[in-house]
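Could you put the whole structure together from the sequences, leaning on the hints where they help?
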Amino acid sequence: MKDFYNLIKKEMKELITRQFILSLVAMVVIYGMMGKFIGGVKEEADTKPITVSILDLDQSSISRDFINRMNERGEVEIEVINERSREEALERTKERGEKALLIMPAGFGERIEQKKAAELEVYSIMKGMSMTSITGRSVMGVMNSLSRQMSLNIIEEIVPDWEAADLIYPLRAKEFIVVEGKATPGNLGMIEGFAMSQSLLIPVVLMMAIMYSGMMVISSMGMEKENKTLETLLTLPVKRSSIVAGKMAGAAIVALIMAGIYMIGFTYYMSSFTPDTSGAGMTAVRELGLMMTPIGYLLLGASLFLAILTALSLAMILGLFVRDSRSAQSMGMPIVLLVIFPFFVLLFKDLGSLPLALKVVIYLNPFAHPTIAARALVFGDYLPVIGGMIYMALFAATLVYITVRIFNTDKILTARFSFGKRKRDI
Amino acid sequence: MDKAIEVKNLSKNYGKVRAIREISFEVDKGEIFGLIGPNGAGKTTALRIISTLLQVTSGSVKVFGYDVTGKADKVRECISYLPEEAGAYKNLSGKDYLEFMAGFYSRNSQEKKDILEKGIEIAQLADRIKDKVNTYSKGMTRKLLLARALMINPRLAILDEPTSGLDVANSQGIRRLIKSFARQGTTVLLSSHNMLEVEFLCDRISLIAEGLIVETGSPPKLKEKYQVQNIEEVFMEVIK
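Chains as they are written, first to last, in my numbering: chain A, 1 to 426; chain B, 1001 to 1240.
Read the hints as simulated data drawn from the structure, not as lab findings. Honestly, I wouldn't trust all of these hints.
[Claimed, not checked] Derived pair list, reagent style EDC-like, types lysine to aspartate or glutamate, alpha-carbon separation capped at 20 angstroms: (1) K9/A / D1096/B; (2) K2/A / D1131/B; (3) K228/A / D1096/B; (4) K1095/B / D3/A; (5) K9/A / D1067/B; (6) K116/A / D56/A; (7) K239/A / E1077/B; (8) K127/A / E77/A; (9) K127/A / E91/A.
Computed from a predicted structure; not experimentally measured.
Structure, rendered in structure tokens:
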């Protein structure tokens, strides 16, 4: 045990360098700044009223009343302009930096009076592709709302004894969300934030932890070979299994620290996009039993641990072929691909809706199982979680066995991918 | 049992390349034994096999009676190996590196402290011992690695080109150090290109060329046998 701790300590000292700490701090700061910036931009886009120019070519009492009502709603800032043509009005709107131009053509009021649909011309002015340029509450939203109000007024005028809203909306939806036979009032939009955290946030953190662990071990092997320390290490009176375990544990600890810090930064970043999950949405989530239980968290942790163990043992085998730090980067690619593939597939599709062949491929990939577990546990479905854990445990055990076997041979020093002539010091 | 190393009919193949071809030699306890030969002769392969790093293709190697294949763990308890192109962990200080290594050879903290103190004394790096290894020159790193190899008082020190990268003064110091360790009972197996070094250090040598041992004996006897002035000339005579 003493040797094992000695090796872990060394691994951590080697991996946690000043550059490593600086890059972690930089990553968190960048995520934090991006989150704050994007959150601010989004808030501005959501809350700041858009400015609209209105050209009233009709000049009727109805058109003026329409403008007044728009003004009263306060959702748009209105600037009434008096240009003579559409082109001039558009030029003026652009000059003033406003986002839309609304033109009420001649005859607008007359058509309304005749109970006929009147046309309004809406020009949205696009200045760029940035979020603030293309988002924001649309003028059409305000228009539609006013249009509805006008309908209600007209109906009340024609049939004063009837409830205008009932005539326009004779059907009312009473929405429920149903999960595994449990129903609760609400709609899917209410739990959007929760679904986002389940489908994106948790898998991203799992993916990072697994990838970092694998890359750490490969880097560690790369450094051993580059610094020419491996030979000395292998002649020490230490069991090769302790060397393997020490390397894996040291790398796992560093990777988990990295993933934890990454998670903090990423959560902050994502919170600027994700809809609020408080209030009615979370009540619905709780009532549907979608909250993960303590046992669920425990199983998710165990699933992640087994996936990390699998990544570490696979990385140890790949690390045998590494010659230096640079080749370590490319040797880590198989792990990165294996981790990323199920992540992207499961991001867009549920496992159940995949074709059988793809489903089998996903199940065979051990790194898919923490993501599968994260989703299954929300629905209280323990079977695929436990099945995945058994599969990962067997997979990892086989790889660890192979790794220790290889460490007990001279393949550890002689194994390499050869793409051309090689030199060997004999 | 007076033999520290017994090598019998040892062969090692790398695929189709025959690096070592049925070599045999023995090293007595407390002896300084040199494997001498040009690049690619098979010196490093032989040392790596004795150090349990490489596996034997055929033949047998015993270190203090322990077979390097069957009792590798026991062999590793007896040896300390210094590879020719060895390095140290660059993100550790020289002291941290020695402390890390001392941890594997000590049973308690006092023993670890004693080994560490000895390592620092052998390394002779003064205050630079506290600096990170990545700030060391090649010579300083070599001194640190030699200190690591000797600080544990190994029963068998296997040194591949021990003075490689060191200047004349430092090389002389290292040679004296190796001699003093041998006097205290450490058996030394070394390889070297430097024939003068070999003559000064070794009690006996084996000349190796193209994977074969072509001559074995003490430097004075070999010089006498071939009627030459130094080992370099012996070597040239042997491979003629």
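For each hint, the structure was consulted:
| no. | hint | result |
| --- | --- | --- |
| 1 | K9/A / D1096/B | holds, 11 angstroms |
| 2 | K2/A / D1131/B | violated, 26 angstroms |
| 3 | K228/A / D1096/B | holds, 17 angstroms |
| 4 | K1095/B / D3/A | holds, 18 angstroms |
| 5 | K9/A / D1067/B | violated, 32 angstroms |
| 6 | K116/A / D56/A | holds, 19 angstroms |
| 7 | K239/A / E1077/B | holds, 11 angstroms |
| 8 | K127/A / E77/A | holds, 18 angstroms |
| 9 | K127/A / E91/A | holds, 14 angstroms |
Hints 2, 5 from the earlier list are contradicted by this structure; the remaining hints agree with it.
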